[in-house]
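Asker: Here the protein sequences line up with chains A and B, keeping their order.
In terms of the working numbering, the first sequence is residues 1 to 113.
In terms of the working numbering, the second sequence is residues 1 to 114.
For the record, the hints were derived by calculation from the structure and aren't laboratory data.
All C-beta atoms in this analysis are idealised placements derived from N, C-alpha and C, irrespective of residue type, glycine included.
Among the hints, erroneous ones may be present.
[Said to hold, decoys possible] Covered by chain B, per the in silico footprint, the following chain A stretches (three or more residues, Cβ under 8 Å): (1) 42-56; (2) 100-112.
[Said to hold, decoys possible] If you anchor each label on the Cβ, the simulated ranges turn out as follows: (3) B/R44 <-> A/A17: 29 to 39 Å; (4) B/N84 <-> A/S3: 21 to 31 Å; (5) A/K61 <-> B/T96: 41 to 51 Å; (6) A/E20 <-> B/K18: 30 to 40 Å; (7) A/Q45 <-> B/T96: 12 to 22 Å; (8) B/N84 <-> A/D54: 39 to 49 Å; (9) B/S67 <-> A/D54: 40 to 50 Å; (10) B/T96 <-> A/G53: 38 to 48 Å; (11) B/P83 <-> A/S3: 27 to 37 Å; (12) B/T96 <-> A/G28: 42 to 52 Å.
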Amino acid sequence: AQSVSQHNHHVILSEAASLELGCNYSYGGTVNLFWYVQYPGQHLQLLLKYFSGDPLVKGIKGFEAEFIKSKFSFNLRKPSVQWSDTAEYFCAVNAGNNRKLIWGLGTSLAVNP
Amino acid sequence: EAQVTQNPRYLITVTGKKLTVTCSQNMNHEYMSWYRQDPGLGLRQIYYSMNVEVTDKGDVPEGYKVSRKEKRNFPLILESPSPNQTSLYFCASRRTSNGANVLTFGAGSRLTVL
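Given these sequences and hints, build the entire structure.
Answerer: Encoded structure:
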């Protein structure tokens, strides 16, 4: 069965630290990849997405993610986090002809000022 | 403004008292879906609809019903709520034509069943 694994469940960083959140999926064919963010008390919103082309994708608020097909990974990165990045981050994958999104369990990020 | 609107945002009810959570979108999206979010379990899909009068079960449909009589509306019905349905519920929608799942989410409905 297709699955998405987010390695870090809880991450605590200080402001200006670099961030990398891991996401791996299990599917060998064509995929669409997403990172969604949920700020405290708010709904989920799209952070960035990969459909095809350049595997390094840039999203909102300085986030980026790199699709590495050989590693089945789509890790999220940000060089310098801010307190306002405190949120829950979800990786999701749409695999092949199955239009259903498979979700990771999420990573809770807390950034200390 | 393009949005998905859910109501109510907060609800406390008692076991067995039927309730409906409404969801409406103004983007003419074909696809709509309901999720529940629970700590440590992430997002789990309850039901989804590919278009009017077409609904399908998601991963956790037990205890829920949906209907899609109009394109813009996708209500979630709990006929006899139980405490294990206490959760945060999200409605979401997207177009189906482009084959890519960029979902627009509602603000969420926090339900407590006593």
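Asker: Does the Cβ distance between B/T96 and A/G53 fall inside 38 to 48 Å?
Answerer: violated, 22 Å
Asker: Starting from the range 39 to 49 Å, see whether the pair B/N84 and A/D54 falls in it by beta-carbon distance.
Answerer: Since B/N84 and A/D54 have Cβ atoms about 44 Å apart, the given range 39 to 49 Å holds.
Asker: When you take the CB atoms of B/T96 and A/G28, is the distance between them in 42 to 52 Å?
Answerer: About 24 Å separates the Cβ atoms of B/T96 and A/G28, which means 42 to 52 Å is violated.
Asker: Look at the Cβ atoms of A/E20 and B/K18 and judge whether their distance stays inside 30 to 40 Å.
Answerer: Violated - the Cβ-Cβ distance for A/E20 and B/K18, about 46 Å, lies outside 30 to 40 Å.
Asker: Between B/R44 and A/A17, does the beta-carbon spacing fit 29 to 39 Å?
Answerer: Holds, at about 32 Å.
Asker: Taking beta carbons only, do three or more residues of the segment 100-112 of chain A come closer than 8 Å to chain B?
Answerer: Coverage by chain B holds for the segment 100-112 of chain A (6 residues, Cβ < 8 Å).
Asker: Measuring from beta carbon to beta carbon, are B/P83 and A/S3 in 27 to 37 Å?
Answerer: At 29 Å between Cβs, range holds.
Asker: Mind checking the hinted window 41 to 51 Å against the Cβ distance between A/K61 and B/T96?
Answerer: violated, 28 Å
Asker: Tell me if the beta carbons of B/S67 and A/D54 are separated by a distance inside 40 to 50 Å.
Answerer: At 42 Å between Cβs, range holds.
Asker: In this structure, is the beta-carbon distance linking A/Q45 and B/T96 contained in 12 to 22 Å?
Answerer: Taking Cβ atoms as reference, A/Q45 and B/T96 lie about 20 Å apart, which means the hint holds.
Asker: Is the listed coverage of the segment 42-56 of chain A by chain B valid when you require three or more residues with a beta carbon under 8 Å from a beta carbon of that chain?
Answerer: holds (count 7)
Asker: May I ask you to test the hint 21 to 31 Å on the CB atoms belonging to B/N84 and A/S3?
Answerer: holds, 24 Å
Hints 5, 6, 10, 12 from the earlier list are contradicted by this structure; the remaining hints agree with it.
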